[in-house]
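Construct all of the structure, not just a fragment, from the sequences and the given hints.
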Amino acid sequence: MGSVQYQKSARRFYIQVYWMGKRYKIWRHPITGEPFFDRRTAENQLGRIRTEIANKEFHPRYWMPESPMLFRVYASEWLENKKVSVKTWRGYKTDIEKYIKPYFYSQDIRHIRAKHIRLFKEHLENRLSVKSVYNKMSTLRTLFRDAYRDEDIMRVPPFPVLSPGQLTRPDSLSIEQQESIVSAIPGRHRPIFQIGMEYGLRVGEARAIQKDCITSTHIVIKRAFSDNRLKDTKTHLEREYELTGYAKDMLGSMPKHLSPFVFVRDDGRPYTNKNLNLIWKDACKKAKINIKLQNAFRHSLGCQLADMGYSVEHIAEQLGHTETRTTKRYARSSDEVLTKALEDRRAKIIPIKDGLTTK
Numbered sequence: 000m001g002s003v004q005y006q007k008s009a010r011r012f013y014i015q016v017y018w019m020g021k022r023y024k025i026w027r028h029p030i031t032g033e034p035f036f037d038r039r040t041a042e043n044q045l046g047r048i049r050t051e052i053a054n055k056e057f058h059p060r061y062w063m064p065e066s067p068m069l070f071r072v073y074a075s076e077w078l079e080n081k082k083v084s085v086k087t088w089r090g091y092k093t094d095i096e097k098y099i100k101p102y103f104y105s106q107d108i109r110h111i112r113a114k115h116i117r118l119f120k121e122h123l124e125n126r127l128s129v130k131s132v133y134n135k136m137s138t139l140r141t142l143f144r145d146a147y148r149d150e151d152i153m154r155v156p157p158f159p160v161l162s163p164g165q166l167t168r169p170d171s172l173s174i175e176q177q178e179s180i181v182s183a184i185p186g187r188h189r190p191i192f193q194i195g196m197e198y199g200l201r202v203g204e205a206r207a208i209q210k211d212c213i214t215s216t217h218i219v220i221k222r223a224f225s226d227n228r229l230k231d232t233k234t235h236l237e238r239e240y241e242l243t244g245y246a247k248d249m250l251g252s253m254p255k256h257l258s259p260f261v262f263v264r265d266d267g268r269p270y271t272n273k274n275l276n277l278i279w280k281d282a283c284k285k286a287k288i289n290i291k292l293q294n295a296f297r298h299s300l301g302c303q304l305a306d307m308g309y310s311v312e313h314i315a316e317q318l319g320h321t322e323t324r325t326t327k328r329y330a331r332s333s334d335e336v337l338t339k340a341l342e343d344r345r346a347k348i349i350p351i352k353d354g355l356t357t358k
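Okay, so the sequence shown: first residue is 0 according to numbering that gives the first Met the number 0, each after it adds one.
One or more hints might be untrue.
Cβ-Cβ distance ranges computed for the label pairs, FRET-style [as the list claims (entries may be wrong)]: (1) K81 with L236: 15 to 25 Å; (2) N294 with W88: 45 to 55 Å; (3) P163 with F36: 44 to 54 Å; (4) G244 with K273: 51 to 61 Å.
In short, the hints are calculated from the structure, not lab data.
Think of the CB as a built atom: it goes at the ideal place given N, C-alpha and C, for glycine as much as any other residue.
This is the structure we're talking about:
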């Protein structure tokens, strides 16, 4: 189970361990990197080694400089090997490099406990919004769950209850405002914006519509662009919609071309996010309305349907939400709609002399 030795020439202690038929000498604290100048420090670390051996966690590499169990090393390796969409990976990278790794920098991931997680959450809450704290904590929890799955740690430390906070109603456009902006877009580019608004599509979904997605009666959403890479939709599910009269007229008026994509630029290639946003911002400037393209497509349809009285379930089905919690934010009616509802409530009541009667 190892021993503590003293080397006179170096004037320091070291831990000697026999493991799998080989002798290893450990000269430094695995986290701080400090040499063992006194016996007590070395013996404390030897106690940790014995505990790891008893728990079948010990490996000499973990006790060498830049141990793979140091959080800064483990998190970087996890990030490098994490297989997710490009957009999700970039979010993970920001969370890890900017917030999580600097905090847990020299800690051994195997020794991080619930108290450390709670203090990290409090550290974030003093600096970030509720939604941002939720995102950073979710990334950390994902890392720990992966570490447990790979048997690098014995258990996932308990996390405090996480909540993204109350989802507020997103910025949106009325159908009249949508038409105002669309009319400011050059006719050559209007169709992709019109289809995106008609069905509440994600921008990447509208860009990815191919001719095999269009029949005489239906449109099928089964692909999406993510950083210019063609993939499945965000939920990996296909959505089929019946063609509305508006959509039929718009698609029927488009010029023919050889590209497999329905909506293409002048060079015959599909639009990029950059292309669409430049066109959109220019049209918004002309219409004197400022709103993001995603809000003009997806969020606007959700809010419009909610204000028309459609149920959360109906809106979720239209937008392809797998959880209605996301959809409920559209159900929070705008101030204008609430005010009109209060006025309509009394619209059928008229005062008569000293009393009230219904009309």
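Structure-based check of each hint:
The hinted range of 15 to 25 Å is satisfied by K81 and L236, whose Cβ atoms lie roughly 23 Å apart. The beta-carbon spacing between N294 and W88, approximately 24 Å, falls outside the hinted interval of 45 to 55 Å. Between P163 and F36 the C-beta distance comes to about 48 Å, which sits within the given range of 44 to 54 Å. With their beta carbons about 32 Å apart, G244 and K273 fall outside the hinted range of 51 to 61 Å.
Hint violations for this structure: numbers 2, 4, all remaining hints satisfied.
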